[in-house]
Amino acid sequence: MVSEADIDRYGRVLADAASSEARVIVFGSYARGTASNTSDLDFLVIEEHVDSRAAESVRLRDALAELDIPVDVLVISEEYAQRRGQIKGTTVATALAEGRVVAES
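If you're matching positions, the sequence shown starts at 1 in my numbering and goes up one per residue.
Don't read these hints as lab results, they were simulated from the structure. One or more of the hints may lead you astray.
[Claimed, not checked] Simulated DEER-style distance windows between Cβ atoms:
1) K88 with A5: 10 to 20 angstroms
2) G33 with D72: 16 to 26 angstroms
3) K88 with A65: 31 to 41 angstroms
4) Q86 with N37: 29 to 39 angstroms
5) Q86 with E66: 31 to 41 angstroms
6) Q82 with S52: 17 to 27 angstroms
7) S36 with R83: 28 to 38 angstroms
8) D68 with R12: 16 to 26 angstroms
9) E4 with D51: 31 to 41 angstroms
Quantities reported herein were computed from a predicted structural model and do not represent experimental measurements. For each residue, glycine too, the CB sits at the ideal point set by N, CA and C.
Could you build all of it, start to finish, from the sequences and the hints given here?
What follows is the structure, encoded as structure tokens:
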């Protein structure tokens, strides 16, 4: 399992590697406190501006290549977060509701 200190450190790596100002949120089982040895680590990275969500997700995931556990990095723009965060049941709304900010740049 990943410690809270490591989650915060990985969040800082993502915030520092982001293409624009960013807020990094951990969500899923690690945010809920239900993580197990087989849990993946879920990050939502909200950047001020994103040209390609897919390309930025891959680039940021590569910044965490050292991890020995599966990591999901979802990258969205601030505007997208505001819009999708209002729609109940979306991944963004869930991440914003249950997650916690681990880093900002």
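Hint check results:
no. : hint                             : in the structure
1   : K88 with A5: 10 to 20 angstroms  : violated (33 angstroms)
2   : G33 with D72: 16 to 26 angstroms : holds (18 angstroms)
3   : K88 with A65: 31 to 41 angstroms : holds (34 angstroms)
4   : Q86 with N37: 29 to 39 angstroms : holds (35 angstroms)
5   : Q86 with E66: 31 to 41 angstroms : holds (36 angstroms)
6   : Q82 with S52: 17 to 27 angstroms : holds (20 angstroms)
7   : S36 with R83: 28 to 38 angstroms : holds (33 angstroms)
8   : D68 with R12: 16 to 26 angstroms : holds (19 angstroms)
9   : E4 with D51: 31 to 41 angstroms  : holds (32 angstroms)
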